[in-house]
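J.: The chain contents come next:
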Amino acid sequence: MEIDDILASVDHSDVSSPESTALDHQLLTRFWVAERSVPELLPWPARLMDRMMERVRQQIETIEDLAAASSDPTSISNNSTQNATLTLSILQTDLSRTQYLLRSLLRNRLSKLTKHSMHYLLLSSHNAPTPPPASGSSEAKHQSPEDSVPLPDPENLPSSSPLSPSEATFLFTHQQLLAKHFGSSFLSSFPPQLRRLDDNAGGTSMVQGPDKREVVFVRCLAEEVGLLAPPGPGEDMDEEVVGQTMRMGDVWVVRWEAVKAAWEKGDVEVL
Amino acid sequence: MAFPLPRGITPPEISFLAEMELVTIVPRQRLEGLELLGGPVHPLIPPRRTNIPLWLALLLKRQRRANILPPPWLHPESLSLILDIETRDQAYQHAFSPPPPLPGQPSLRERSYAKPTARPRYTPEGSKYYATPPFLPQNVAQDQAEENEPPTLPFHWLEVGTMLLDVAGDDLVDPDQTRRLLKELREVRSAKIRSGVEVLDDAAGPGGGVALTGVGAMEIGEGRGFIGGVVDGLRRIGASKEQARREQLAESATNGGYDGTQDYDDEMEF
Chain E
1 MEIDDILASV DHSDVSSPES TALDHQLLTR FWVAERSVPE LLPWPARLMD
51 RMMERVRQQI ETIEDLAAAS SDPTSISNNS TQNATLTLSI LQTDLSRTQY
101 LLRSLLRNRL SKLTKHSMHY LLLSSHNAPT PPPASGSSEA KHQSPEDSVP
151 LPDPENLPSS SPLSPSEATF LFTHQQLLAK HFGSSFLSSF PPQLRRLDDN
201 AGGTSMVQGP DKREVVFVRC LAEEVGLLAP PGPGEDMDEE VVGQTMRMGD
251 VWVVRWEAVK AAWEKGDVEV L
Chain D
1001 MAFPLPRGIT PPEISFLAEM ELVTIVPRQR LEGLELLGGP VHPLIPPRRT
1051 NIPLWLALLL KRQRRANILP PPWLHPESLS LILDIETRDQ AYQHAFSPPP
1101 PLPGQPSLRE RSYAKPTARP RYTPEGSKYY ATPPFLPQNV AQDQAEENEP
1151 PTLPFHWLEV GTMLLDVAGD DLVDPDQTRR LLKELREVRS AKIRSGVEVL
1201 DDAAGPGGGV ALTGVGAMEI GEGRGFIGGV VDGLRRIGAS KEQARREQLA
1251 ESATNGGYDG TQDYDDEMEF
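Protein sequences, first through last, are from chains E and D.
The opening position of the first sequence corresponds to residue 1 in the working numbering, with each subsequent residue numbered one higher.
The opening position of the second sequence corresponds to residue 1001 in the working numbering, with each subsequent residue numbered one higher.
Keep in mind the hints are simulated off the structure, nothing from the lab.
Note that the coordinates shown come from a computational prediction; the quantities given were computed from them, not determined experimentally.
All residues carry an ideal CB built from backbone N, CA and C; glycine is no exception.
Each hint should be verified, as a subset may be incorrect.
Claimed, not checked - Some chain D residues flagged as far from chain E (calculated, every beta-carbon gap over 12 Å):
#: 1; residue: Gln1090
#: 2; residue: Val1140
#: 3; residue: Arg1179
Unchecked claim - Distance condition first, Cα-Cα at most 27 Å in a straight line; then the derived DSSO-like pairs of lysine-lysine:
#: 4; chain 1: E; residue 1: Lys115; chain 2: E; residue 2: Lys260
#: 5; chain 1: E; residue 1: Lys265; chain 2: E; residue 2: Lys180
#: 6; chain 1: E; residue 1: Lys260; chain 2: D; residue 2: Lys1183
#: 7; chain 1: E; residue 1: Lys212; chain 2: E; residue 2: Lys260
#: 8; chain 1: D; residue 1: Lys1128; chain 2: E; residue 2: Lys265
#: 9; chain 1: E; residue 1: Lys265; chain 2: E; residue 2: Lys212
#: 10; chain 1: E; residue 1: Lys212; chain 2: D; residue 2: Lys1115
#: 11; chain 1: D; residue 1: Lys1128; chain 2: E; residue 2: Lys260
#: 12; chain 1: D; residue 1: Lys1241; chain 2: E; residue 2: Lys265
#: 13; chain 1: E; residue 1: Lys180; chain 2: E; residue 2: Lys115
#: 14; chain 1: E; residue 1: Lys212; chain 2: D; residue 2: Lys1128
#: 15; chain 1: D; residue 1: Lys1115; chain 2: D; residue 2: Lys1128
#: 16; chain 1: E; residue 1: Lys265; chain 2: D; residue 2: Lys1115
In isolation and in its complexed conformation, chain E is listed as follows:
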């Protein structure tokens, strides 16, 4: 057993240590940069976010206690009041910086979600929405846009889903409202078979997803990382076609799809 393995096991076990606070801060920062930079929604880091939220809550309590103590005029001398004010302002700055990161991250995710809402809803639900009834049946006459919105189960999201449970709930409600609005404003005047929001007549789906071929800036962290060229939609090719190779420390402009797998392994960092 090597020393790094021992260190690694320590890293695993003790989540409340100061080192793990620093590590979580670095992980959150890196995840924020990545979420801000890539075209698609990244998988929700549930455990990291839980730990960060818990720390923020504790830190707010600490700050409140300190503020209460320093506003008590009888207990402390003049000199230490000055230091307490400084400590408080440092703690509050640090808290605001972390809260900014969290807020920016969540809002960025919301905007990605609402931009491609049907795409992410389809990723997050196990069952396809009620299939369109056969044309001519009596049901088809009452076809409404809401019927095509898939219902995700927030407690049991499929592993392909990048959403957190509350994001899934939000997204479903959002899409329901949108579908109702479309229905009442114009879709109701369309022929019933044209009212769905997930139409894929003629083999072309009308549900649009993010473009994974947009470019990102990455830094290679492992010794070598090859750039993948996954097949496009409708192309039939073997997996794992590798193009150029990045080396450790290099900064490259590449397609997101080419480095996504390496990012998931932690071998590259998005800048």
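With the hints as your guide, set chain D onto chain E.
T.: Using the frame of chain E, we list chain D on its own:
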């Protein structure tokens, strides 16, 4: 509008990141250690040097509670050496001067024969984690300069340099000269970015990319919109060639004749 900003972190957000860089200070007053959300801060005991995040150092400096020790690269001598590399060195006519090595990465001179020995830490979820800027000590003062290592510009050089010049000018060696050199470096390097548009076509194809090694964070921020737009535009124009390119790649991979790596010398051609 849940979020009005474009994809990719914007310059104010890059400055925010740069404020997480560690710098060295000499405190002028005592302060007990603090447990921050960004990690613990050691007690400040004058005149003992401590490494703290830049935002905290600036906060203390503004209140005259500490002096900042400038990082070794932010010295007129180091900056003019780097400027020399950027302008005179034949190998870097179209490339940025090399960045400081990551932990475990051999120095530039040994890179042709030495293997990288990076060892990741592990996150509580068990995935690999390699520390990178702004969480590497690239801006802290060193007791003795590493022997014969040429100075290098860290990832957040422009932001850290500018912020230190603004707030802690009196702690720097010759701030006017430093400011002038930073400005020259910035001009030389942004000319390199602009002159490299042609190679962007390489990033537009499948499995392709363009190396920008040595680029600074703010330079990425400035070029992101332009480079991203050009590459995406080129990709759409060349969309019909996509599958042919990929087949070509697969074929050369099976023949084994294709060397996927670019030469180290010309990889930073951008």
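J.: Taking the hints in turn, state whether each one holds.
T.: Hints, verified against the model:
1. With a least CB separation of 21 Å from chain E, Gln1090 (chain D) remains clear of the 12 Å interface cut-off, as annotated.
2. For Val1140 (chain D), the condition that its CB be more than 12 Å from all CB atoms of chain E holds, with the nearest at approximately 16 Å.
3. Listed as a non-interface residue, Arg1179 (chain D) keeps its Cβ farther than 12 Å from every Cβ of chain E; the least gap is roughly 26 Å.
4. Restraint check for Lys115 (chain E) and Lys260 (chain E): the C-alpha separation of about 21 Å stays at or below 27 Å, so the hint holds.
5. Distance check on the hinted pair: Lys265 (chain E) and Lys180 (chain E) sit about 41 Å apart at the alpha-carbon level, beyond 27 Å; violated.
6. Distance check on the hinted pair: Lys260 (chain E) and Lys1183 (chain D) sit about 36 Å apart at the alpha-carbon level, beyond 27 Å; violated.
7. Distance restraint check for Lys212 (chain E) and Lys260 (chain E): the Cα-Cα separation of roughly 9 Å lies within the 27 Å cut-off, and the hinted pair is therefore satisfied.
8. Distance check on the hinted pair: Lys1128 (chain D) and Lys265 (chain E) sit about 7 Å apart at the alpha-carbon level, within 27 Å; holds.
9. Between Lys265 (chain E) and Lys212 (chain E), the direct Cα distance comes to roughly 18 Å. Compliance with the 27 Å bound is thereby established for this hinted pair.
10. Among the hinted pairs, Lys212 (chain E) with Lys1115 (chain D) is inconsistent with the structure: their alpha-carbon atoms are about 33 Å apart, more than 27 Å.
11. Between the alpha carbons of Lys1128 (chain D) and Lys260 (chain E) the distance comes to roughly 15 Å, so the proposed pair stays at or under 27 Å and holds.
12. Between Lys1241 (chain D) and Lys265 (chain E) the alpha-carbon distance is near 30 Å, which puts this suggested pair outside the 27 Å criterion.
13. Straight-line distance between C-alpha atoms of Lys180 (chain E) and Lys115 (chain E) comes to about 17 Å, which keeps the hinted pair within the 27 Å bound.
14. As the CA atoms of Lys212 (chain E) and Lys1128 (chain D) are separated by approximately 24 Å, the hinted pair is consistent with the 27 Å bound.
15. Between Lys1115 (chain D) and Lys1128 (chain D) the alpha-carbon distance is near 19 Å, which keeps this suggested pair within the 27 Å criterion.
16. For the given pair, Lys265 (chain E) sits about 21 Å from Lys1115 (chain D) by alpha-carbon distance, which is consistent with the 27 Å threshold.
In summary, the structure is inconsistent with hints 5, 6, 10 and 12 from the numbered list given earlier, while agreeing with the others.
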